[in-house]
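Engineer: Chain by chain, the residues run as shown.
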Amino acid sequence: MNSHQQANRFTQRELQVIMSGGTRLENANPLIFQRSGDRLLTATDEDEDAADPIDDREIFDLIRSINDPEHPLSLKELNVVEQMRVNVNDEESTVSVEFTPTIPHCSMATLIGLSLKVKLLRSLPDRFKIDVHITPGTHASEDAVNKQLADKERVAAALENSQLLEVVNQCLSTRTM
Amino acid sequence: MAADNSVLLGLVEEFVSGQVDSKAAETSTGVKNGQFTILQLVEALGVSLSSSQPQTRGRGVQLLSQVLQECYSSLSEREVEVLLAFYENRLKDHYVIIPHVLQGLKALTKCSVLPPGSAVSVLKSIFQDIHVQSLMLAERSCVYNILISLMESKEEELKGLGADFIFGFVQSVDGERDPRNLLLAFQVARNIIQRGYDLGKFVEELFEVMSCYFPIDFSPPPSDPRGITQEELVLSLRAVLTGTSQFAEFLLPLIIEKLDSDIQSAKVDSLQTLAACGLTYSHKELAEFLPGLWSSIRREVSQTASERVESAGLSALSALVSCLSRSVLNSDSEDVLQVFLSLVLKDCQHHLCEPDLKLVWPSAKLLQAAAGASYRASLIVSAAIIPALLEQYNNRTQCAHRRTLLEVLQGFVQPTALSRPADGEDSVLVAFQQSLCGVVFSALTESSAGLQVTATRVLSALGQQPGLMAQTDVEKAVDHLSRLILEEDDPKLSSAVVECSGSLAHLHPKAFISRLIPRLKEEILSGQSDAAVRQRCVTALASVSSLPSVVQESAPVLLQVLASAHTGSCGFSVEEVAAVCISLQKIAEHARDSEEIGRFFHDIIIPHLLGLCLQAALQTRDAGHSSPLTDKAVLSAVVPVMSTACAALRSESASRMAAQAVSLFLDGDVSFLPENAFPSKIQLLQSQAESGGLSQLVCLLMACVCSLPRSVEIPEIDRLLLQLEDLSCTCTHLFSFTSAAKCFAGLVNKRPAGEALDAVLERVMKRISVELENTSSAQRTQAFTLLLWVSKALLLRYHPLSTALTDQLFALLSDPALGSQAADGFGVLMSDCLDVLNRGCHADVRIMYRQRFFAENSTKLVQGFNSAEQEKKSCYLKALSHIVSNLPRQVQLTELPALLPLLLEALSCADQAVQLSTLSCLQPVLLEPPEALRNQLEALFSRLLALTTSPAMKVRIASLQCVHALSRLPEHTVLPFRARVLKALAVPLDDKKRLVRKEAVAARAEWFLLGSPGGR
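So the sequences go chain by chain: A and B. Under the UniProt record's numbering, the first residue of the first sequence carries the number 1, and numbering increases by one thereafter. Under the UniProt record's numbering, the first residue of the second sequence carries the number 1, and numbering increases by one thereafter.
You may find that some hints are simply not true.
To be verified - Label pairs and their in silico Cβ distance ranges:
id, chain 1, residue 1, chain 2, residue 2, range
1, A, T44, B, C353, 42 to 50 angstroms
2, B, A532, A, D47, 17 to 25 angstroms
3, B, E938, A, L41, 16 to 24 angstroms
4, B, E487, A, T42, 21 to 29 angstroms
What the hints assert, rightly or not - Chain A residues, not near chain B, derived (Cβ > 12 angstroms throughout):
id, residue
5, R39
6, R57
7, H105
8, T138
9, S141
Said to hold, decoys possible - The calculated DSS-like cross-link candidates involving lysine-lysine, where the alpha carbons are at most 25 angstroms apart (straight line), are:
id, chain 1, residue 1, chain 2, residue 2
10, A, K129, B, K992
11, B, K201, B, K159
12, A, K129, B, K983
13, A, K152, B, K983
If you are wondering where the hints come from, they were derived from the structure by calculation, not from laboratory data. A virtual CB, placed ideally from N, CA and C, is assigned to each residue, including glycine.
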């Protein structure tokens, strides 16, 4: 089986999940967490000459407002992402993000990972190597999902599927309320 | 007569056989001015009306109908009767004639002299002979209009028709599809329902024929000339469906069904319709459906992601509960409200015990909506919820849990307009008063700022309601607040504490005077606390001071702070002193509502402030000791204190204020100042005084005299104006001559028109011209400043001389030395000035002076730009961007097409200030771009994208915001730029400044979504 077929299989399964997940919530009353406030503006931020390196908080701010595919809540409110699970090294141009699905059998895990990955790809300079994976020990099929997310070709193929892209884009839209 | 007859026959002939449509108008003019009668017309038409050719008959009827449409009001009852009989008969005729027949009937039914019985017979004929839905659009509309006219004039007769009328209407409207006709049909149905027509056995039929449109889904075609909106249709259908409780048994199941829909607007419409039912229905209609309605509402509110659905659901629940609250209790039946609320409580209450799960908020909001619907409902809900919440609060130990519980509690503490206790009734919370205060006080001592913030909000809510806080509770609360002000440095908490103190002090001033103010005073003046603590104390003092009794205690404390800053005993910085002044100004704002506070400022605060500033200035001159009160930042902060207070003075104190200030500044009369230890004969308005900084005190003169009401006469105004003119032209100290010019302008603006004013203006204009023309003069900047402020003063009041002055400013744009200042001057001219020449200072400001100025001068500016040398062009662009960015949005939008080339030019101008102000004026326009912009997108994109790498951070940010705004333009116009924008925005993603990256990320994300599935 070549990699393109694999990528296709990945999207097919994702789609099944999306189609079946639409009607009934897997977890109707999840735990929610306080929304953290906006980053406070400092004098250095306003100083023309000082350079601000990209730091963990900045990456966290990029991803915390992503919408959960199931709930009208952000990933931060569901504690799917936390600042302590974000690691960035500006000089070496690497970013690593761990995310924690709300339940170990969450079928949305791949989709959440994909949304995180796409958000970072769109928001960070080209030079960064972006690694998105599940917090170790928090999901039943952790390895499979991590492998899918790490495979560039599979991610690219997934985004060529317009239905999948639609769901990802919805997760990434700023909420209109 | 015979001649007339032949004329008429000619007209008829030409219309009917000659097919000349214009003859109808000529005929009706003839009938209107009495040349022929309707009878003659009918006679003349005789042959055509009885022709065997349907087309000819049609033409005949058409002519008659068109004439009737013009002349129906002049018909006699007899004529109407005959004509109606004719038309009714024609309804049975060939189908090509029917449209004209209906037009004629429509005209006739508008007559005021309809014979008795005619309405019934017309309607019967229509219902019998016509199948409405097989007619064309315009004819169907005729039928509805006939119904509407007859319902207006012959209501009694129609009601006599009984259910036949309803049946006829139902049959005619069944299947209608056009929105214009639907609006008419809904109007007929609404009339039927609201005016008490007997629906007989056709209730269900009428409901069916109307409810088939519910929920309305209508998107008007683009550029729809009729302008019918979905909103209009929704509201008129809703009025029909909810107009009578007879529909309840059909409507309520329909609503429950439609709530299951996947379309959000259908859900919202259903919920809003349900809320509207609450107003007309009684318990009887609702009873059977309550469980179903409740479970639908609950499902929608707890699952939705949309605030519109949520708020519609909550209002629907609230409407149901208030409807049930209105029902009269029967001795033999159970309390329906109680029954329904226990259902709500059963489903929601247990979620409140899980403060970290998602459903806690939807459940709380549902319960709050139910409780807010009536006093009785709030009694029932509170009795169940408050003890449970209090118990939960005490059992939980995590701050996050406690905070959620307290936030939920807050929603129950604040009564709504509907649930407010009537006079003589107690607050529903009286029973829990003790434990509520206990919980709030314990929360105030927690370590979590979020929890404390919530606690202050609950405290304010409790304090607002009589009987919920005993005197000792108030005192305890004040002590907690004082402690928080002194100890807590979290900015959110501090501002919440200050806000809470403000609202409580308004109701319980005594506790604040006796406990909070002395404690804060001690802390500020102790000289031991750090600046942040002092700043919080000062802010708190300002916020509690809304009543005269409190102001009399708090304002002197702030004065004392200023005094000790002057003597240098506590080491206050300039920023701190300015902050104290800002607090004093906040207190002064209350003078507007309370004359007592105004008098206090006039008698005590202003003389003391003037005295302190004068002392400071004299000391600096004599001893070289520099007091913070001579700093121009501090003086600029003192100005608004005085001008706010003076603007609120009533006539007598205002005149005294003017006299005192003028005699102090003109003659050195210090008698009204406290601690009179000043040398006599101080000369404050001499430019020699500048060495010691005395001249800058002129800003205080401005504060006192320029903000008084216009009716107050300023004594010795001519001498004062002359001195101010001298000072502003000769002084070399920037702050002093600018203040003098502003003061001069403030007085000129209010001076009544007349010879005296003309003389002053002539003199000053001459002086300004002389100075400006002498290019080697050292005082050109001074002259320019005076020119600018006098122009503003006159421009605001539409004085005829203002054009001459502003023309001088335009001319200065090409001046090598003053060009740039002149350009910035247009910013001063167009924006609101904070300390003088604004409406708060009672200045003479005409409405829309900006638009007028722009309309009169935009061409001058464009011409000036085109003819200016290359290096001078930037001044014109800067002036333009100042003017345009101060115009109201609506004017910007209409003027933009003409100015767009110039603004685009300004974007590529090298001056960063010009770039920035142009961007800031473009950005709001881009959110709703005018047509003209569409043709300039190419130029706009290339300039904006180039600016995203500008060396200035603010320019980069502003240009990215503009690029972001452009993503909201209609997709087809901007989609061609997508690839280019995405590529260009990849660069600022790696900008060294975080604020720039943030804007780049936001803009790029939107551009990615553009044209992508699920995006936009």
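Engineer: State for each hint whether it applies.
Structural biologist: Structure-based check of each hint:
{"no.": "1", "hint": "A:T44 to B:C353: 42 to 50 angstroms", "verdict": "45 angstroms, holds"}
{"no.": "2", "hint": "B:A532 to A:D47: 17 to 25 angstroms", "verdict": "22 angstroms, holds"}
{"no.": "3", "hint": "B:E938 to A:L41: 16 to 24 angstroms", "verdict": "36 angstroms, violated"}
{"no.": "4", "hint": "B:E487 to A:T42: 21 to 29 angstroms", "verdict": "24 angstroms, holds"}
{"no.": "5", "hint": "R39", "verdict": "8 angstroms, violated"}
{"no.": "6", "hint": "R57", "verdict": "10 angstroms, violated"}
{"no.": "7", "hint": "H105", "verdict": "19 angstroms, holds"}
{"no.": "8", "hint": "T138", "verdict": "18 angstroms, holds"}
{"no.": "9", "hint": "S141", "verdict": "25 angstroms, holds"}
{"no.": "10", "hint": "A:K129 to B:K992", "verdict": "19 angstroms, holds"}
{"no.": "11", "hint": "B:K201 to B:K159", "verdict": "15 angstroms, holds"}
{"no.": "12", "hint": "A:K129 to B:K983", "verdict": "19 angstroms, holds"}
{"no.": "13", "hint": "A:K152 to B:K983", "verdict": "20 angstroms, holds"}
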